[in-house]
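Participant: Sequence:
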Amino acid sequence: MASRSKSLATLLFSVSAGISNRSADRIASTAGALLSRRISSATSSAAVVAEDEESGGIYGLGGVLKEYDDYRRSLYGEFTHKALLVDAVGTLLVPAQPTAQIYKNIGEKYGVVYSEAEILTRYRRAYQKPWGQSHLRYVNDARPFWQYIVTASTGCSNSQYFEELYDYFTTEQAWKLCDPEAEKVFKAIKEAGVKVAIVSNFDTRLRPLLRALRCEDWFDAVAVSAEVEAEKPNPTIFLKACELLGVNPEDAVHVGDDRRNDLWGARDAGCDAWLWGSEVTSFKQVIRISMVPSSLTRVYNYLES
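No gaps in the numbering here: position 244 of the sequence shown is 244 in the UniProt record's numbering, and each next residue is one more.
Among the hints, a few may not be true.
[Unchecked claim] Okay, derived cross-link-like pairs now, DSS-like style, lysine-lysine, Cα gap no bigger than 30 angstroms in a straight line:
no.: 1; residue 1: Lys82; residue 2: Lys184
no.: 2; residue 1: Lys190; residue 2: Lys82
no.: 3; residue 1: Lys109; residue 2: Lys129
no.: 4; residue 1: Lys176; residue 2: Lys187
no.: 5; residue 1: Lys82; residue 2: Lys176
no.: 6; residue 1: Lys109; residue 2: Lys176
Note that these hints are calculated values from the structure, not bench results.
Input sequences plus hints: build the corresponding full structure.
Facilitator: Here it is in structure tokens:
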């Protein structure tokens, strides 16, 4: 297993060094999105290889990937990423039920009468407004901010209602993983020697939530805005994650679902970045796309075993 992990460590995240220059965004987005669709349509590694041989290129995208690969090589040479940074809500996990539905279901016994559609509209409006009490929304446990959001969304200021909602979103029942194979992939990454960190705009409930979901040990570090006192897209939180992992920003690649907060923020910090949901839709794809193309099949086989 040790030799296998060492081999994978050599393969993981090769050449795809941190690109902060947004002029590379077009190439990265095209390669990522198209490659993701082609990979996700293949039923096995054998099917991928057979299709590739027939198409005459890496998943039929040899030209695009080669252009991006050559660009990175011209800047960084033969370089291997040492760390993976991952957004929490929207990338690693999502609410198990729609937030507006939970607000309504729990709120009915406290007199909430708004429909789910009304609650959602009011929630979005309140969340998008500047938070006047601080330049940060998530300060410590962020209770004042969330109290404002709940009251604005539902019209109910009952403190018992708020506390029940607040506590609910710290339980494992409230959340589910975006990628059902996340555990297998993250454990393989860590065994290969690649460091992994969460980078999240969240309050201090994040750590107990990770424990409740039994995924805390997947990560070497957690950079949460309530503790770092900086929220994405501020590069500070990405730099803090790299500091906690003991790597340089250019040694890390970040994955998140928000173009402004995750893609731009990470790249402004000097990290590479992929957009979850469009450029990549699974953590296996993150590994595939962040590697030398000729090595893709071997890593795919490793993760399938």
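Participant: Each hint should be assessed against the structure and marked as holding or not.
Facilitator: These are the hints, each one checked on the structure:
| no. | hint | in the structure |
| --- | --- | --- |
| 1 | Lys82 to Lys184 | holds, 19 angstroms |
| 2 | Lys190 to Lys82 | holds, 10 angstroms |
| 3 | Lys109 to Lys129 | holds, 28 angstroms |
| 4 | Lys176 to Lys187 | holds, 18 angstroms |
| 5 | Lys82 to Lys176 | holds, 28 angstroms |
| 6 | Lys109 to Lys176 | holds, 26 angstroms |
In summary, the structure agrees with every hint in the numbered list given earlier.
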